[in-house]
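Undergrad: Using the sequences and the hints, build the whole thing.
Protein chains: 2
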Amino acid sequence: MSEWILDLINRNKYAEVRNMLIEMNVVDIAQIVEEIDKDKLLILFRILPKEMAAGVFSYIPSELQEFIVESITDKEIKNIIDTLFLDDAVDFLEEMPANVVKRVLRNTDPETRKLINQFLNYPEDSVGSIMTIEFVDLKKEMTVREAIQHVKETGVDKETIDNCYVLDNNRILEGVISIRKLILSDDNEKLEDIMETDIKSANTHDHREVLVSLFKKYDLLSLPVTDNEYRLVGIVTVDDVVDIMDQEATEDFQLMAAMQPSEKEYLKTGVLELAKNRIFWLLILMISATFTGNIISKYDDALQAVVILASFIPMIMDTGGNSGSQSSTMIIRGLALGEIQPNDILKVIWKELRVSILVGIVLSSVNFLRLLVLVKVDTFIALTVSITLMLTVIVAKLVGGTLPLAAKKVKLDPAIMASPLITTIVDAVALLLYFRFATILLGI
Amino acid sequence: MSEWILDLINRNKYAEVRNMLIEMNVVDIAQIVEEIDKDKLLILFRILPKEMAAGVFSYIPSELQEFIVESITDKEIKNIIDTLFLDDAVDFLEEMPANVVKRVLRNTDPETRKLINQFLNYPEDSVGSIMTIEFVDLKKEMTVREAIQHVKETGVDKETIDNCYVLDNNRILEGVISIRKLILSDDNEKLEDIMETDIKSANTHDHREVLVSLFKKYDLLSLPVTDNEYRLVGIVTVDDVVDIMDQEATEDFQLMAAMQPSEKEYLKTGVLELAKNRIFWLLILMISATFTGNIISKYDDALQAVVILASFIPMIMDTGGNSGSQSSTMIIRGLALGEIQPNDILKVIWKELRVSILVGIVLSSVNFLRLLVLVKVDTFIALTVSITLMLTVIVAKLVGGTLPLAAKKVKLDPAIMASPLITTIVDAVALLLYFRFATILLGI
Chain Z
229 MSEWILDLIN RNKYAEVRNM LIEMNVVDIA QIVEEIDKDK LLILFRILPK EMAAGVFSYI
289 PSELQEFIVE SITDKEIKNI IDTLFLDDAV DFLEEMPANV VKRVLRNTDP ETRKLINQFL
349 NYPEDSVGSI MTIEFVDLKK EMTVREAIQH VKETGVDKET IDNCYVLDNN RILEGVISIR
409 KLILSDDNEK LEDIMETDIK SANTHDHREV LVSLFKKYDL LSLPVTDNEY RLVGIVTVDD
469 VVDIMDQEAT EDFQLMAAMQ PSEKEYLKTG VLELAKNRIF WLLILMISAT FTGNIISKYD
529 DALQAVVILA SFIPMIMDTG GNSGSQSSTM IIRGLALGEI QPNDILKVIW KELRVSILVG
589 IVLSSVNFLR LLVLVKVDTF IALTVSITLM LTVIVAKLVG GTLPLAAKKV KLDPAIMASP
649 LITTIVDAVA LLLYFRFATI LLGI
Chain V
229 MSEWILDLIN RNKYAEVRNM LIEMNVVDIA QIVEEIDKDK LLILFRILPK EMAAGVFSYI
289 PSELQEFIVE SITDKEIKNI IDTLFLDDAV DFLEEMPANV VKRVLRNTDP ETRKLINQFL
349 NYPEDSVGSI MTIEFVDLKK EMTVREAIQH VKETGVDKET IDNCYVLDNN RILEGVISIR
409 KLILSDDNEK LEDIMETDIK SANTHDHREV LVSLFKKYDL LSLPVTDNEY RLVGIVTVDD
469 VVDIMDQEAT EDFQLMAAMQ PSEKEYLKTG VLELAKNRIF WLLILMISAT FTGNIISKYD
529 DALQAVVILA SFIPMIMDTG GNSGSQSSTM IIRGLALGEI QPNDILKVIW KELRVSILVG
589 IVLSSVNFLR LLVLVKVDTF IALTVSITLM LTVIVAKLVG GTLPLAAKKV KLDPAIMASP
649 LITTIVDAVA LLLYFRFATI LLGI
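Protein chains in written order, with the working numbering: chain Z, 229 to 672; chain V, 229 to 672.
Treat the hints as calculated values from the structure; they're not laboratory data.
Misleading hints may appear alongside valid ones.
Treat identical chains as interchangeable: a pair holds within one or across any two.
[Unchecked claim] In silico DSS-like pairs for lysine-lysine, Cα to Cα no more than 27 Å straight-line:
| hint | residue 1 | residue 2 |
| --- | --- | --- |
| 1 | Lys445 | Lys268 |
| 2 | Lys575 | Lys504 |
| 3 | Lys266 | Lys637 |
| 4 | Lys278 | Lys444 |
| 5 | Lys492 | Lys444 |
| 6 | Lys637 | Lys368 |
| 7 | Lys428 | Lys278 |
| 8 | Lys526 | Lys445 |
TA: Set out below in structure tokens:
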């Protein structure tokens with residue numbers, strides 16, 4: 229399909245192209261737009277109906293948005309911005325250089341300009357920065373018939389009319405009514421008798437995480453956003469919340485792998501920026517790993533005496549690190565999904581203790597037998613390694629299970645208490661235990 | 229609020245309780261139901277209007293569902309099942325023991341029973357197992373007025389009427405029309421002239437992952453599901469897709485921390501099951517870590533000669549592991565979000581090579597200076613450690629960046645190529661490099 233259209237474009241058959249495009253989804257058109265030459269791009273953009281052009285515009289990468297805005301007339305800019313949903317317009321402007329923003333704002337009417345400026349000022353991760361203002365507002369004295377009439381007259385520009393909002397004269401939110409309920413209700417019924425008054429809402433200054441938990445808990449399609457006086461100022465729709473969910477999960481993945489989080493796509497991020505995001509934690513962890521090294525040098529006599537001890541260090545360290553990161557991952561994810569609360573710490577400790585004893589027994593038994601039967605080392609050495617392994621697994625799982633909860637308690641992001649940090653701690657503990665048992669059991 | 233209701237329940241003031249509950253959201257009621265004594269629970273459940281009772285039922289944990297079903301009459305069971313949306317009924321039955329399922333199915337009418345059985349038979353992760361059958365179907369010859377009339381007559385039981393589906397006489401899907409479009413269109417317009425014909429849909433046997441990418445790409449609220457003959461058999465709504473997104477991300481987190489994935493909440497999973505999910509990979513990785521140990525024992529002469537070499541092993545291993553898991557995390561997440569394709573492998577290698585050289589230079593320079601100035605070791609030892617570190621970072625980032633892509637190519641889940649596995653590989657490479665440079669530079 230898309231090759232076909234690309235071919236028509238290359239042969240300049242724009243009438244046919246237009247006929248095909250108007251039947252298509254704007255997301256698919258945006259994908260085609262990304263693939264064609266820049267000189268054809270503007271033509272393509274101009275043959276689309278106004279509404280569709282704005283839709284396509286909101287789905288293309290910001291480099292292309294910038295190119296288009298720089299190539300079209302002021303009047304065309306005004307057309308696009310007026311047709312875009314406000315949240316899409318704001319998203320677009322946030323990525324543009326200052327001179328483009330200036331030119332765009334100069335070409336929008338004062339009302340829109342004021343709104344855009346207000347939106348650009350909401351804190352980056354706030355609900356206000358995500359909401360849109362295209363919603364339908366009704367009055368509670370209206371009948372269902374009047375309400376539907378009002379929706380018909382004003383609904384065309386609204387991003388979602390699945391829910392309509394009932395406001396009083398001061399724009400205070402009094403109720404919500406779904407379009408479904410309107411359709412299914414008797415024409416003469418008053419809104420105040422059928423509207424929902426147990427309203428879930430967010431404040432413009434709430435952190436956007438609030439949205440994720442509300443939408444998931446109540447299976448919402450949209451949510452009203454109010455200011456501090458409970459006046460309705462916008463709505464958030466579920467498609468934006470889906471994007472936030474992805475971003476929050478990505479942030480956790482990055483933190484857990486010891487990186488500074490970034491919302492930029494990997495392939496679109498420069499080498500310098502990638503290196504910068506990664507180097508800070510690598511440095512910290514490298515320097516803290518030298519403490520582990522210090523423990524080894526303190527026991528260099530023991531090592532010199534029984535040099536085979538050194539060969540079990542990687543296995544003990546890796547198994548400890550893996551055991552700990554299993555536990556921390558479960559807890560960090562459980563906290564992110566709201567399945568675990570910081571107050572569950574005792575339950576977590578009790579659970580991890582039992583799991584780690586079970587896991588520890590299996591691992592150290594397998595290891596003990598392997599050392600005796602296959603590697604044929606001295607029994608006391610096998611014992612030293614296996615007891616250390618057992619205790620390391622227990623310590624690792626307890627540390628891995630509790631550190632993320634402790635972080636949450638002191639309002640840190642639990643995801644930074646992930647494998648790399650826990651590995652570093654567990655390494656040190658494991659080596660201390662190892663040499664302690666070695667000196668006792670092997671008498672060195 | 230909820231304490232207030234709990235207090236009223238304890239004082240047996242059920243008329244007041246009922247008045248408060250009917251104003252509330254079923255999700256909040258479900259939370260209250262979880263907190264009250266079992267003997268009050270049934271009373272509470274019975275004073276709710278039928279629709280709300282079914283709604284609350286679909287939001288409570290399966291232990292409580294089982295208790296309720298075992299305590300109520302056959303007629304009440306029939307009432308609940310008939311009122312539940314089909315997908316919620318199926319979700320509920322999937323968690324029940326066989327005798328409960330039998331009793332429930334005996335008390336539903338043959339039509340519903342057949343449907344439920346069919347749904348229970350869809351493969352676990354298929355689109356069919358998630359969809360529901362409550363949708364509105366229209367004919368293309370209808371006018372808007374007739375369509376709205378049809379929605380009014382049949383829409384009450386439908387899970388979503390945001391989108392209505394236009395079917396031909398063989399139930400083949402011909403078009404989609406949003407309720408919004410219906411409301412905003414002229415009453416006399418024919419559906420075939422205003423319906424969307426560029427329809428996004430899924431097949432009952434598609435993997436549920438398909439839903440996530442379709443819903444995200446096209447910002448959908450619902451999606452039609454068809455059988456192999458393109459007949460409409462159900463729809464999937466965005467709230468279910470949001471749950472799938474969480475489950476897929478959780479699965480990646482678990483795989484990446486070397487665990488067998490499980491959808492069960494941590495606090496609700498038994499100790500034995502948790503241990504079982506964790507032990508398999510720990511065993512595999514423990515045994516592969518012994519290869520690393522073998523490398524060390526092969527060089528025990530070198531170690532015996534320069535025992536301080538042992539003390540740098542943890543730092544080199546940890547830094548290598550962390551560098552590799554940074555890269556693998558970025559790639560695994562990029563693949564999951566569709567931002568990176570397996571064919572991008574050359575771009576990834578080129579990017580990781582440059583990033584790793586930058587990162588490696590910084591880390592090994594810091595390390596070199598620290599060893600010379602603070603630890604005051606011999607220059608050749610500092611050189612051995614720093615060169616090894618530099619090369620380890622490069623190897624780690626290349627392995628971490630490419631293994632997930634290779635996994636994807638051979639249709640494995642990229643998430644299993646995560647830190648623990650990469651750490652094990654990188655450990656071995658790092659130690660080989662380390663002892664090689666030591667023998668060359670230190671002449672041992």
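Undergrad: Which of the stated hints cannot be reconciled with the structure, identified by number in ascending sequence?
TA: Numbers 3, 6, 8, in rising order.
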